[in-house]
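Chemist: Sequence:
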Amino acid sequence: MTTEKIKEYLGMVLDMEMSLYVQDKTLQNLYRVYNNLGKKKIIPIPEKEVSKKDTGEYMKGAGIIIGFIVAMVYGIYRVVNNHSSGGLSSIFDIFGMMIMIFIVGIISGLVGAAIVGPIIKSIAEVNEQKELDRIYSIKLKEYNRKVEIDNKRVRSEMPEKNKVLSQIEILDKQYQETEKNLMELYSYNIIHNDYKRDIVVISSFYQYFCKGITLSLQFDPNTGDDGAYKIYENEKRLNLIISKIDIAIQKLNEIATTQTVLFDAINKANHTIDRLSNDINNNHKHLSAQINEQTAIEEYQHERILKELEYHNFMDAIYRRK
Numbered sequence: 001m002t003t004e005k006i007k008e009y010l011g012m013v014l015d016m017e018m019s020l021y022v023q024d025k026t027l028q029n030l031y032r033v034y035n036n037l038g039k040k041k042i043i044p045i046p047e048k049e050v051s052k053k054d055t056g057e058y059m060k061g062a063g064i065i066i067g068f069i070v071a072m073v074y075g076i077y078r079v080v081n082n083h084s085s086g087g088l089s090s091i092f093d094i095f096g097m098m099i100m101i102f103i104v105g106i107i108s109g110l111v112g113a114a115i116v117g118p119i120i121k122s123i124a125e126v127n128e129q130k131e132l133d134r135i136y137s138i139k140l141k142e143y144n145r146k147v148e149i150d151n152k153r154v155r156s157e158m159p160e161k162n163k164v165l166s167q168i169e170i171l172d173k174q175y176q177e178t179e180k181n182l183m184e185l186y187s188y189n190i191i192h193n194d195y196k197r198d199i200v201v202i203s204s205f206y207q208y209f210c211k212g213i214t215l216s217l218q219f220d221p222n223t224g225d226d227g228a229y230k231i232y233e234n235e236k237r238l239n240l241i242i243s244k245i246d247i248a249i250q251k252l253n254e255i256a257t258t259q260t261v262l263f264d265a266i267n268k269a270n271h272t273i274d275r276l277s278n279d280i281n282n283n284h285k286h287l288s289a290q291i292n293e294q295t296a297i298e299e300y301q302h303e304r305i306l307k308e309l310e311y312h313n314f315m316d317a318i319y320r321r322k
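Quick note: the sequence shown uses the working numbering, first residue 1, plus one each step.
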């Protein structure tokens, strides 16, 4: 192949590689939108609470109050009764009466705690349960309202979800076709196997040819031309270029002046990704109005079919003449 034909060939390969990059990234965006559309939200179901009071606390409270009241009444009764009968004759009588009052208070408190405590507890539980049921009823109505709203959203998004799926199928089919056509370009073995399927390498080779840095891929002993392979390896060895595509994408501004072809190719690809994803990624709500319209992806597919057919005819014409 002539130098000019090699340059054109490299341009075609680079375009095909970047097309696969565009299609892959756009498919990722489409799948993300597809998975989010028509997806039910997780709405927590309200739990019905049951009132549970501590029986011990109510028994303790009832016992203390009842015991204290009974002890006071019994104490007053004893004082009045002793006063009418002539009063207490000694300190021992007073001490004995106090012990009896204490014992009566303890016994009545225990009895009251055992009987009245559970009753008070049951009444408190009934009252609290009414309030809990009222709150639960409000929460349940709100839950049902949210579920109904979400169900409507899910139903309304299904046509959009199906549209996105159709776009995925179109682009996935085009990805397979582009990959097949790219492998056909590589099958001519114009480029050494070590440098195939590498965007950075192909863009570097193409840049060398476009700028006239070299006129061949391999070293030419007749002219002393180092060739694209040797130039690339030297630049890579001296760290004059970024040789990994993922790093180049992350540090795009750093290659703006040294790897201009790659810089322009990535920028163009990112612009295309944004254009293809615009109607779907983060703006899928507008899809309902586009159900019957040709999408950017369908237009892109048509462009790629024509472009790749042009590449095929270009290569076919060259090798058919030989």
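The hints are simulated quantities; they were obtained by calculation from the structure and are not laboratory data.
A quick note: this is a predicted structure, and the numbers were derived from the prediction, not measured.
Heads up, a few of these hints could be off.
[Stated by the list, open to error] In silico DSS-like pairs for lysine-lysine, Cα to Cα no more than 30 Å straight-line:
id, residue 1, residue 2
1, K161, K268
2, K211, K7
3, K146, K39
Chemist: All hints, please: hold or fail.
Modeler: Quick rundown of the hints versus the structure:
A distance of roughly 28 Å separates the Cα atoms of K161 and K268; the hinted pair therefore holds under the 30 Å criterion. The straight-line distance between the Cα atoms of K211 and K7 is roughly 10 Å, inside the 30 Å bound, and the hint therefore holds. Pair hint K146 plus K39 holds up; C-alpha atoms about 14 Å apart against a cutoff of 30 Å.
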